[in-house]
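Student: Residue-level listing of the chains:
Number of protein chains: 2
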Amino acid sequence: MDARPHLAAAEALIGRPGSRHAIPTPAAVLDLDAFERNVARMQARADAAGLALRPHAKSHKSATLARRQIEAGAVGVCCAKLAEAEALAAEGIGAILLTSPIAGAANAGRAAALSRAIPGFRMVVDHVDGVAELAATGAPLQLVIDVDVGLGRTGVHDPDQAADVARAILRHPQLTLLGVQGYGGQWQHMKGANARAAAVADGMARLATAIAAIREAGGRVEVVTGGGTGTFAADAAQGLFSEVQPGSYAFMDRDYRDALGEDPDGAFEQSLFVAATVISANHPQWVTVDAGLKALSTDGPLPVLADPALDGAAFRFFGDEHGMVTRPAARALHRGDRLDLIPGHIDPTLDRHDLIWAVRGDVLEAVIPVDARGASQ
Amino acid sequence: MDARPHLAAAEALIGRPGSRHAIPTPAAVLDLDAFERNVARMQARADAAGLALRPHAKSHKSATLARRQIEAGAVGVCCAKLAEAEALAAEGIGAILLTSPIAGAANAGRAAALSRAIPGFRMVVDHVDGVAELAATGAPLQLVIDVDVGLGRTGVHDPDQAADVARAILRHPQLTLLGVQGYGGQWQHMKGANARAAAVADGMARLATAIAAIREAGGRVEVVTGGGTGTFAADAAQGLFSEVQPGSYAFMDRDYRDALGEDPDGAFEQSLFVAATVISANHPQWVTVDAGLKALSTDGPLPVLADPALDGAAFRFFGDEHGMVTRPAARALHRGDRLDLIPGHIDPTLDRHDLIWAVRGDVLEAVIPVDARGASQ
Numbered sequence: 001m002d003a004r005p006h007l008a009a010a011e012a013l014i015g016r017p018g019s020r021h022a023i024p025t026p027a028a029v030l031d032l033d034a035f036e037r038n039v040a041r042m043q044a045r046a047d048a049a050g051l052a053l054r055p056h057a058k059s060h061k062s063a064t065l066a067r068r069q070i071e072a073g074a075v076g077v078c079c080a081k082l083a084e085a086e087a088l089a090a091e092g093i094g095a096i097l098l099t100s101p102i103a104g105a106a107n108a109g110r111a112a113a114l115s116r117a118i119p120g121f122r123m124v125v126d127h128v129d130g131v132a133e134l135a136a137t138g139a140p141l142q143l144v145i146d147v148d149v150g151l152g153r154t155g156v157h158d159p160d161q162a163a164d165v166a167r168a169i170l171r172h173p174q175l176t177l178l179g180v181q182g183y184g185g186q187w188q189h190m191k192g193a194n195a196r197a198a199a200v201a202d203g204m205a206r207l208a209t210a211i212a213a214i215r216e217a218g219g220r221v222e223v224v225t226g227g228g229t230g231t232f233a234a235d236a237a238q239g240l241f242s243e244v245q246p247g248s249y250a251f252m253d254r255d256y257r258d259a260l261g262e263d264p265d266g267a268f269e270q271s272l273f274v275a276a277t278v279i280s281a282n283h284p285q286w287v288t289v290d291a292g293l294k295a296l297s298t299d300g301p302l303p304v305l306a307d308p309a310l311d312g313a314a315f316r317f318f319g320d321e322h323g324m325v326t327r328p329a330a331r332a333l334h335r336g337d338r339l340d341l342i343p344g345h346i347d348p349t350l351d352r353h354d355l356i357w358a359v360r361g362d363v364l365e366a367v368i369p370v371d372a373r374g375a376s377q
Numbered sequence: 001m002d003a004r005p006h007l008a009a010a011e012a013l014i015g016r017p018g019s020r021h022a023i024p025t026p027a028a029v030l031d032l033d034a035f036e037r038n039v040a041r042m043q044a045r046a047d048a049a050g051l052a053l054r055p056h057a058k059s060h061k062s063a064t065l066a067r068r069q070i071e072a073g074a075v076g077v078c079c080a081k082l083a084e085a086e087a088l089a090a091e092g093i094g095a096i097l098l099t100s101p102i103a104g105a106a107n108a109g110r111a112a113a114l115s116r117a118i119p120g121f122r123m124v125v126d127h128v129d130g131v132a133e134l135a136a137t138g139a140p141l142q143l144v145i146d147v148d149v150g151l152g153r154t155g156v157h158d159p160d161q162a163a164d165v166a167r168a169i170l171r172h173p174q175l176t177l178l179g180v181q182g183y184g185g186q187w188q189h190m191k192g193a194n195a196r197a198a199a200v201a202d203g204m205a206r207l208a209t210a211i212a213a214i215r216e217a218g219g220r221v222e223v224v225t226g227g228g229t230g231t232f233a234a235d236a237a238q239g240l241f242s243e244v245q246p247g248s249y250a251f252m253d254r255d256y257r258d259a260l261g262e263d264p265d266g267a268f269e270q271s272l273f274v275a276a277t278v279i280s281a282n283h284p285q286w287v288t289v290d291a292g293l294k295a296l297s298t299d300g301p302l303p304v305l306a307d308p309a310l311d312g313a314a315f316r317f318f319g320d321e322h323g324m325v326t327r328p329a330a331r332a333l334h335r336g337d338r339l340d341l342i343p344g345h346i347d348p349t350l351d352r353h354d355l356i357w358a359v360r361g362d363v364l365e366a367v368i369p370v371d372a373r374g375a376s377q
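Residue numbers (our numbering), protein chains in the order written: chain A, 1 to 377; chain P, 1 to 377.
Hints in this document: simulated from the structure, not taken from any laboratory. Owing to the predicted nature of the structure, the values given are computational and were not obtained by experimental measurement. Virtual Cβ for every residue (Gly too), placed ideally from N, Cα, C. Honestly, I wouldn't trust all of these hints.
[Stated by the list, open to error] For the chain P half of the interface with chain A, some residues (derived, Cβ under 10 Å), not all of them:
{"hint": "1", "residue": "R37"}
{"hint": "2", "residue": "A40"}
{"hint": "3", "residue": "A89"}
{"hint": "4", "residue": "G104"}
{"hint": "5", "residue": "I118"}
{"hint": "6", "residue": "H127"}
{"hint": "7", "residue": "V156"}
{"hint": "8", "residue": "A314"}
{"hint": "9", "residue": "F317"}
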């Protein structure tokens, strides 16, 4: 028998009226109208600020959606891991910045292959040993020095180390130093535009110091990349970045909605939902849906129900494959009913899904593969 | 270019000395010796108790590993979702119990196709409407009435409903009533064998009442299935089950280790690890590894380091694709070092991985596909 018969049946749904309500659940459902408005809005913000937009593809992991962003004006996309970049490059995306450092000769070889395959490949490095591993491949590589601007996750730790890495790059004629990256992941979800702006200002001061050290070491810094959905306004105001890397704005999630509220940074619509079906409704206080730990992220806030008519109903996890939805006062819930959930944290939610079911209104318009799903290597 | 070049390279590693240390990370790494001891130990426990063993495949989602369990004496496996069952049936597993109710005509059609494709397919049902949907397919189906034994997630809610569902099944000659299921998911992770035994005793009383009602309605109850890794001793002692459904024992995780301690139910070894690599070590207090929210479950306790030589080092999540490992006192950690993590909760961890890298000692012996990864539909 076929391993995924419900997917073979999906093509027949495309274009049929009401087909949104026949998508097999749990499913990642994309409201294309909202997605397209989000893409246009972020591009307009970047254009107005004179910033290049390089959306982070770790949110959608899809070559199809990356292409939509590039067609709208993005200069390319970011990827978090080599495997993510390989998956998108294999599907024709030709401009990718790898935003995490890598380690080891085998991975350096993969980076070299990527650089030879797509002219627009560039990657970060944060240690002289990383430079040596890349240089040993003999491949031409375009490099960005990752600078720790306060997160402490990756990046050179101080200006001396920044200068050392720059000098190491300059020693190899096949390596090109493009500039620097500074990413403050923890700032993105801070509540309040002023709090985010203050954190960004501190981080940009650290980044400016690193840039000065690199220039003093003889390095060129033309690209200054970083930032995310939550800090766009502050990133633009600081004026240090040449390029920004927001990702979640295309889909949004509850975590960003709670943090950004009515700030300009929050002016994006929820476009990605996880559709679920009530599979048991025998309990008087709640019903059970078919989306659980394996369909939704659990690291952020709990998912919430998208339909305002279900006000008062709350979602709780109910094991690997199920969720509990408390019965709302206003509407009875029955076995077979379908519900849309707003995920708590969009990136790890989408990484649990092989497909994005793209709808316009209640019509399924396309089934989009999540090309880099699981591509964490 | 190839979408997953590191996987194409993996086959060359098989059988090579030290190849365990060349597996691309983050990776789900299975210690085959420990896995085989776990499988043999649970089979011996079931045999000694006179119980049929039907391991839950939601833990491993792999036809290869299901076959190992069946070869060791299991009567078949359990699946949580239709798509999980379809994926394993497509790879030749012929005896599957679907342990969650389904809803809707489309899904009933998929169940009918499964029943026609593999003679050993059986499934639970917990509502007369579910029986009607299955009956409408015209397919011969072997059914088990799911009974809520206290979890409140799925199952008939009281003896009257159990009798109603039994009568609905008996009305259709192509439907066969095999028996009942009672699963207490919340009991599995209770600390202390006595606490688990008391909870099981309460639940078994509810299950016995449902069985009596079904028999009074004219239904046969030959199969009594349920239970899990944490409650095996209590399940066997109660004597009501004919068949048990443990899953996690094959791999184990930190959550079960913490709950079961030195109880007989905890007498299984950690066999599944997530291997990670240090990709940045610039910070004085910690290093950054390449396994984060997309490689490990976040719903249970935090992962812990497997190597006792790293005593004192703690893992924390550090975003989608990274983890923080605090520097231990006894050993320096460097860029490029590899670490094995014990996952917090094994089932959702494994569902983030496409492949299981099966090792014996430090040699990669096989690369096993996680056939039903993401198969939540």
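Student: Would you mind marking each hint as holding or not holding in the structure?
Tutor: Do the hints match the structure? See the list:
Checking R37(P) against chain A by beta carbon gives a least distance of about 25 Å; that is not within 10 Å, so the hint is violated. Here the hint on A40(P) is broken, as its CB sits about 26 Å from the closest CB of chain A, past 10 Å. For A89(P), the suggested interface contact is upheld, since its CB lies about 6 Å from the closest CB of chain A, less than 10 Å. Interface restraint check: G104(P) against chain A, minimum CB-CB distance 6 Å, threshold 10 Å, status holds.
For I118(P), the shortest C-beta to C-beta distance to chain A is roughly 8 Å, which falls under 10 Å, so the interface hint holds. Restraint check, H127(P) versus chain A: the minimum CB separation of about 6 Å is within 10 Å; hint holds. At its closest, the beta carbon of V156(P) sits 6 Å from a beta carbon of chain A; the interface hint therefore holds under the 10 Å criterion. With 10 Å as the threshold, the beta carbon of A314(P) stays out of range of chain A, its nearest partner Cβ sitting at about 15 Å, so the hint is violated.
Because the beta carbon of F317(P) sits about 7 Å from the nearest beta carbon in chain A, less than 10 Å, this interface hint is met.
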